[in-house]
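Trainee: These are the residues of each chain, in order.
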Amino acid sequence: MLILIIIILGVSFILYTLLGGADFGAGIVETFAGKREERTISKAMAPVWEANHVWLILAVVILFTGFPSVYASLSWVLHIPLMMVLLGIIMRGTAFTFRHYDVHQGRSHQYYSFLFRVSSFITPVFLGMILGAMILGRISLDRSEGFYNLFIAPWLNWFCFTMGVFTSCLFAYLASVFLVGETNIERERMKYAKFSKLSMIFTMILGLLVFIMAEAGGHSLTRTFLHTTPSIIMLVIAALLCPLIWHFLNKEKNKTIYLRVGTGIQVSAILMGWFYIQFPVLIEVKNAGELTFYNTQAPAATLEQLLIALVIGLLLVIPGFVFLFRVFKIKTK
Amino acid sequence: MTMPVLMAFSEWRWLKTGKQVYLDITKAWSKGVAIFFAVGAVSGTVLSFELGLLWPEFMKHAGAIIGMPFSWEGTAFFIEAIALGVFLYGWNRLNKWVHWLSGVLVSISGILSGIFVVSANAWMNSPAGFDWINGKAANIDPVKAMFNDAWLSQAIHMVLAAFVSTAFAVAGVHAFLLLKNRNRLFHQQAVRAALIFGSVAALLQPISGDFSAKDVAKRQPAKLAALEALYKTSKPADLVIGGLPNDSEQRVNYAIHIPKGLSFLAKGDLNAEVQGLDKIPKEDWPPVMITHISFQLMVMIGFFLAFVSLLYMVFTIKWRHVLMKKWWLTVIAFTTPLGFIAVEAGWTVTETGRQPWIIYGIMRTKDAVSSMPGLRYSFFVVTIVYLLLSLIIIWLMRRQINTIDEFYPTAKTV
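First to last, the sequence lines map onto chains A and B.
Under the working numbering, the residues of the first sequence are numbered 1 to 333, in order.
Under the working numbering, the residues of the second sequence are numbered 1001 to 1414, in order.
The hints are simulated quantities; they were obtained by calculation from the structure and are not laboratory data.
Wrong hints could be hidden among the right ones.
What the hints assert, rightly or not - To spell it out: a stretch of chain A is covered by chain B in this simulated footprint if at least three of its residues, at any positions, have a beta carbon under 8 Å from a beta carbon of chain B; those stretches are: (1) 56-66; (2) 90-98; (3) 213-225; (4) 307-318; (5) 322-328.
Every residue, glycine too, gets a C-beta built ideally from N, C-alpha and C.
Okay, chain B solo, but in the shape it has when bound (with noise of 0.2 Å):
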């Protein structure tokens, strides 16, 4: 959903100031954008078909609950590949401004479509809209399970975080390349304008993520406990930073400790009493140590990445000299992938912090999953393509990347 953005904002400078530049950052990444969005195209019908392949159980159940957000998906992502193939192959074709037009719809399409899927999924944490009754869901209102209470700060985070790790990744992908040669107005202009919406993003990342946790807090306690690794019902209730959790010892080891610091973030006051997971029978908790730990490294770089990204707005403000000085460029350089892992270990927190259910309170996962026996060798083959599909990726996008120069004029050095 962001690349759009970026590819839209470029198009639009170019529009407006007539520069080559920019029309050439337009065109190089809308060459990445068409092999990650057919990437994405085949995975999203094999996300639909996954669903029953895994979740046979839960979505007998869930389909007619939850099937809303996703016909709406369905609508938006048809309208995003639509105007996309618009977008990509009707250059000269069209008049300009429609053409920026296209894509404009390309990235409120692509934001639509991420969001409805979200919002299924945040009613998996926060169910809604039924009443479960005998194991069978009943009076169902697919407007209410769709605007459950966790949609919107789940929505939130999701948007944002998209913004926060593409935009990083591609400042990070041109700064690289501008240490190799610092006098390339394109990597410098490509920078400029990723960096414009990943700082925004990723100073309002914060904030969102202090709304989702207060929500986690009151709705998903047991969530909440183990991706703070709080074994022990507090009053107040300190925050930990890093450390090992230990599940037999009921202890984090290695940890800092700040007083009163998780009464103040989870409810707003510094002497609220935090749930624990003493509270929670034990065949109800999530795995604590795969939770904690991958909180702990989201907020980690979503901290790391504001900080950049507060540095960045100052420096565009008082001392842009320092934008093209190389240790700068090399802290950009290294964000590349930081925001992706960041994005991969904020699903492992919600995920694995609602186990051992699949709908929270309702229907736990292992009685969800296909009873098909052999299971995991269909597992396994999905894994291995992924996997696969990934190297091939990375390795053609060096592939493109390494082209720019032959293909773009401004990408040479001026």
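Bound-form chain A, shown alone (with noise of 0.2 Å):
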């Protein structure tokens, strides 16, 4: 029971890294694009934004239901980071909907989607730096420690910093890769694929300033990844994508589909080798034992209810999902 929540959370996490990450990136890639992108993209975003970040509110609930004393350290330690985000999220989500939405066509609108790039770009960072604090071991549950030792440090770090800077950049390499197949004009095509390229190069090089900072900062990430073979097999996987995911980047034929499960499953593939040297452990706690999965479980009757919803919940929402997708790819009568 506890191993197929545990799947569940672990499904939600990637798909909200998959479909809200690409949300997120498109506000990134809107900053550095012109008008007619801004068109692409708010059409093709308007429909499913807030369905795709949903994911997140589920995996939320599953953390405080499930593993409650997890969710409330999080969210006691890491207050301030995770205001940030909320701030983030209210800040973005309304500033799109009003720029979609208000009638008028005028000097609100520039307020509107300055507001939406910037913290389309915030957001993501602030979200890498929770999870670099995660599974960094600098959380301290001892209330006698100072202010900055419990509330500061923990997530103010090089570290934490270069897994936000990451993060962000991951997301506008799936929002590239993802409107290459937004639109039909050629020119706007090739922009599209020219900031794949890029923002691909990017993360390769930011991913690898990861685990530098890592070992820079005492955390055994880099070296635990290197000897567990299943992660290596991924990270592997990942990368043999990139030159393929390049090739059907250059060619001037539509080749959507292939882009993006080959992005997808690059990502799914980085993710998942990733669970594997983390698993079970949710929070790594300064002088004191780890919060795991396990350490942490609710009762069982809790987590027998909370399984009963949530597959009935993603047996309704699973078929709404792909069926909102398809609607957007009927023409228009």
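Assembling the complex is the task here: the two chains are given apart, and the hints tell you how they should meet.
Mentor: Here is the structure:
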């Protein structure tokens, strides 16, 4: 039962990274693009962005129902970066919708766009920092420590910052690849292809930096990764897909589906490789035992009800999702 | 949860009659809904985090107990978001009835997700489904927790409240526009559609309120005593209307008293004893002033809207011409904000009325709040952000409303 819940949590994490990530990334790409791209992006995002972000809510709900003390500790210690994420989410969602629905075109649109783009970049940085803080092991639950050690030091450091920028870059990459298939205009397509390649290179460099920073910060992430066969295999899969994706990006004809599936596999592979070495630890705690799935799980009765809700929920939600995405492939009558 | 119902209703009228005006109304409303839903969706995300950011101690214990309604709520919300995407962007892509069904689905999942959240709140008022042993929850039964004693009365009350407040707000805005030019079919039909739902809900609400009050009397005597400002246990107890409670003198100044009223309303018996605040240790008193005044405000508005609804029904059946009279439209326009004020007042009653407890009788609010120093700053920031958002939304809605004429031919004079 516990394992099934963990798998669903992992899947929603991956789906949020892919769908929510592409959504955040679209805002980053827009910053470097023109008016026409802005229209394409708005059109592609508008029907699906809200649903894409519900994966995050799902993950949070699983966390606080199934592993309440993990949720409670995280939201206590990481109050500040979580608050930043929330502010980012509020700004982004509202600015995007206001831009889409405000009937007047004018100066207000520039403000909306500005807020939308800035928060599209900053929110993933903080998301990445939070994730970094969870694994770095500087989180302390000892109340006698000072404010700085408790609430700042765990997340404000070079490793977490690199994780943050890496996350933003990864999201931009996902969005660029996704957008390649969202336009019929060749020139625009080429632009997205160029963005895809650039962000792919940047993501790889930053990924490397994350490993280096982990090493520099005294974390064993790199060594464990390199000593775990399944994780290496995943990393190799992700790396081998790079030239393939590059190849399809260069093709004149649309190979959207290969591109999307390819990047999807790439990102999922990296995440799964990481899950593998991370499991079952959720938070590394300084000078104390780590918080794992096992030592924080809710009582069996709760897990059982949670699982029922999740399974029924997903059986309803997934066909809905597929339908939603397909509806927008239908040409308007 | 109300707007999707109104939209689906209007679209259904269009599908049945083929009249352009219903389609125009549906589309005009759907733009407003998209804006509200976006703010709602991001707020849903915010809410799921804020529970922990503000109340980590509460969530540590309560998460496993009330996570279940939240996971169902998540599912319902997910479906709502998907169906709304289909509804808003599926015009001309789908069979008309399939499109309409997506609107119905938005309505159903919206109502369900509201009910689930309220059920989690009801649990705080009426904790169930666990044993509290040495400061820890044991023998957790999430199903019992979800279907606690208060969930039904609170859920009904809130769903009705959502219908009353939103429907009257919608009717009010369109009535206001009708006052400017009474010959516009678009606004006439919009007022009608909204009031059909609003009036039925407003007439049912006092009944549900009575049901809730009896429930509170049974389970949370301190809350009842505070909202009625009943300082001394009385047999029979008077119903106190209005007035300013004074804690130190233990009396309510400037109030109207209805003899035996409270005994009857709370217990269904004119001579029943009603427990007052004197039976409750002072440290367990909720803030009487806020609770009492909010309660009075909510009840007053509730009865006023029920009265307006009754008039509406009478006029619709007997004197249709009154419905287009200037004074009547003014009354409807005046009701625009009332329902929302009543909803906020009602939440104030139920939340302050439960103080000093966060989980009634189990955990105190001060023990649940985050111990992070400087928590107030995040409170200020969120408050300011939401105040700003409210202002922007009001401004945006005004812009939307002012341009209705340009977009929809039926909104012009006929």
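Trainee: The structure should be examined with respect to each hint, and the outcome stated for every one.
Mentor: Do the hints match the structure? See the list:
Look at the region 56-66 of chain A against chain B: 9 of its residues bring a Cβ nearer than 8 Å to a Cβ of that chain, three or more, so the hint holds. Coverage of a stretch by a chain is defined here by at least three residues with a beta carbon nearer than 8 Å to that chain's beta carbons; for the region 90-98 of chain A and chain B the count is 7, and the condition holds. Given as covered by chain B, the region 213-225 of chain A fails the check, having 0 residues with a CB less than 8 Å from a CB of that chain where 3 are the minimum. Only residues whose C-beta sits within less than 8 Å of a C-beta in chain B count toward coverage, and the region 307-318 of chain A has 6 of them, enough to reach three; the restraint holds.
Against chain B, the region 322-328 of chain A contributes 4 residues with a C-beta closer than 8 Å to a partner C-beta. That satisfies the three-residue criterion, and the hint holds.
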